[in-house]
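Each chain is listed here by its residues.
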Amino acid sequence: MNIQELRSEAEEKIPNLEHPESIRTPGRTWTRYPDDLDKQADLNQDIETDIKSEGDIEIYTGEEALDKAGQKAFDLIKSDENKINAIHSANLNSVIYAEVTGKAELHIKYKADGPVSSHLIVDTTQNSDLTLTEETRNQGFNTSFTEIYVGENSSVEYGAVEKPGKFSYSRRKAITKKYGSINWLNSMFDGDLNRTKIETVLKGDNSETEMTGAWYPTKDQHHDLSLHVRHIGDNTKCSMDSRSVVDHKARSLYEGLQKVEEDAVDTSSFQDQETLMLSDKAESDASPKLMIEDPNVEASHAAAAGTVEEKKQHYLESRGLNSDKAERLVVKGFFEPVMREIEVPEAKELIREEVQKKLEQKSEG
Amino acid sequence: MSNEEVQKNRERFQHKTDADIKYDSGEGLSEETVREISREKDEPEWMLEKRLEALRHYERRPMPGWGPDLSDLDVSDITHFKTAEGEQSDEWEEVPEEIEETFDKLGIPDAEQEALSGVGAQYESEVVYQNMKDKWEEKGVIFCDMDEAVQEHEELVKEYFMTRNVPPQDNKFAALHGAVWSGGSFVYVPEGVEVEIPVQAYFRMNSKGMGQFEHTLIIAEENSKVHYIEGCSAPQYTRNNLHAGCVEVFVGEDAHVQYSTVQNWSKNTYNLNTKRAKVKEDGVMEWVSGSMGSKVTMLYPSSHLNGEGARANHITIGYAGDGQNIDTGAKVLHNAPNTKSTIESKSITQGDGRTNYRGLVRVPEGSHGSKVSIECDALMFSDEATSDTEPYIEVKEDDVEMAHEATVGRIGDEEIHYMQSRGIDEEEAKEMIVRGFIEPIAKELPLEYAVELNRLIQLEMEGSLG
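Those protein sequences? They're chains A and B, same order as listed. Note that the first sequence covers residues 3 to 367 in my numbering. Note that the second sequence covers residues 1149 to 1614 in my numbering.
It should be emphasised that the hints constitute simulated quantities derived from the structure, not laboratory data. Keep in mind the model is a prediction, meaning the values are calculated, not measured. Every residue, glycine too, gets a C-beta built ideally from N, C-alpha and C.
Quick partial rundown of chain B residues pointing at chain A, CB under 8 Å, derived from the structure:
1) H1516
2) D1531
3) S1535
4) T1537
5) I1541
6) K1544
7) E1545
8) D1546
9) V1548
10) M1550
11) A1551
12) A1554
13) T1555
14) V1556
If we strip away everything but chain A, and leave its shape as in the complex, we get (with noise of 0.2 Å):
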């Protein structure tokens, strides 16, 4: 199928599709989608795509990209899964297809001063080593999809740094072949709206994963997290660990999902988020769910919020700091323990960078 066909064949399906799926409490649904979203898509227009790599890896891009990836695109996410997936799929403005054989690493950066639609599917052979980043910067609507396969006994990297305008959807995900693992580090520092889902499944025996995501929303933004997992193979690992900071009226959502199948036998699957709460009119929601149709697992999940300790404040007070500073020690150390899982030193740098602008912010705001 060529880029064409697949755009109007989406086109055709998005007023009849659902938007995506959102927790709903009583009287309450944790994230809404705007209803013009297929206007604020505004098909056609260039971006800016900067690709760096070396190593084993063969890198197609546009139509090229498709026609290689054959099968594999929209394979483990469908354009059709939901609405915006559709819309995705009707605007595309880069696809990316990439072939790692053996130790690589791929550097991806969007750039564009209107909508990106960016598309990426990386398939690894048998024991390959990838490092690979993804970063988004751009005006008004995004969709950012990834999809990985990786082989057997590889392992992947991954860094995503989402800096979108207005609205932002990133779906990614990935599925293991045995012994494969897949770590993510997602982080999510603009967008009015930002959602992000990203999905694991363990199809290998003895495959791995390791699920990060940090977020810092601040004054009217709503970012929300979905990490989802399923354990299939036997002998299966995963670990999820998210952070968020959260201030002004903004809105943390986090969901996490650990799902194991009947026979996945001897599963270990552990899931904590944690949030800190900079201001009163903040609001964080967590759902942190574990469904179990195996008993053989070890299984764990946990969340919780607060505010700055006043122990850390004090002590760091009494060490001569204003109070301002002393927080922002205190924000800029939050994320550091889930980002030390992770070995993505680009991504690390620039989501540390990104925590020190918001912190900029938040003094001159």
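Fit chain B to the given chain A structure using the hints.
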């Protein structure tokens, strides 16, 4: 406990007597049925109006689109109102022999005849035996069945019954309950009074295809204290039963209410309840529930912490064996500053049973200094068992401490081997682990109930090793 004893104990839950049914509203639900129920009870006009309004709401409302599958439940096929032959009695001796015998098999008199007093035992839908300590009456405590309260304490009932706590509009089954409710208990504890001995009630369903819709209303005035215990047991039938009870609790300033329940419904019962407490300043509400039996249980006791410094403790334990779906949880709304809640949920699953924790904790803006702690633990015994945890936490206030934790695990072969090597047989080893697991619940209950809870679990555990 020897096998014989266990066998004997089991019989009591299979037991059914042929009590004559005094009134049968017939199967199905219509306005006429509701009018008949009200007429039979000689209710005031406003109560009939309330029932009819609830019925209208029930008809409009769709079935819940979440949670366990209720498609096998045919509400129109269930009889809504039953009463056993015999008038209300004050003396145990006057209770019909047949009913006494049923209680005997349930093991209730053991608990009741000895130290305990103040039993309002409900046989089918009506309280047949009431006894209350004189000293409570002197202090102004009211403990009677709900139907009597409508007649004798009309003003209180009118003010509190399904008005600002659980209105019939709350959910489909609350609406159904509002239309056909019958029996239940009314407890009123005046200001400053402490009821030291737990108030108790027992409910049974004993007739084929009947629904039970008892209503419990507890009003604890300022600075009072009461512990209410409810036990439920239903014998075995082949037809689906429905239990849609409703519990409303009002906790006054500085008051303390504990509501404990151990339920062992028949394996074909749908147990769909609405339980809610409104708590004022510095009041404390404690929910302790053990849910066993039933085909489907949906039970989420709820606490609205409306006054500053109010507290809620929720302790629940669910047990699901073959074919059972036990969906329990808690809902806590922190509507005032410095409110605290703890939720402790434990579940045991075996066979192809399914347990689920479903909880919502909401801390709106302005409820500063609030603390929330949620803990969920699940034990699974078999490969086919399922256990899910679905917590929802919404925090709109920065000055809050909130923590949620959950673990799921299987009783490991290693632990059992270890205990076997110490001369404990496998079955006993499992029992010991389970007993330790439910300890936090058992210790909240009076001895007789704790013993009964242990016995029930023991019965359920039997043969789980296969």
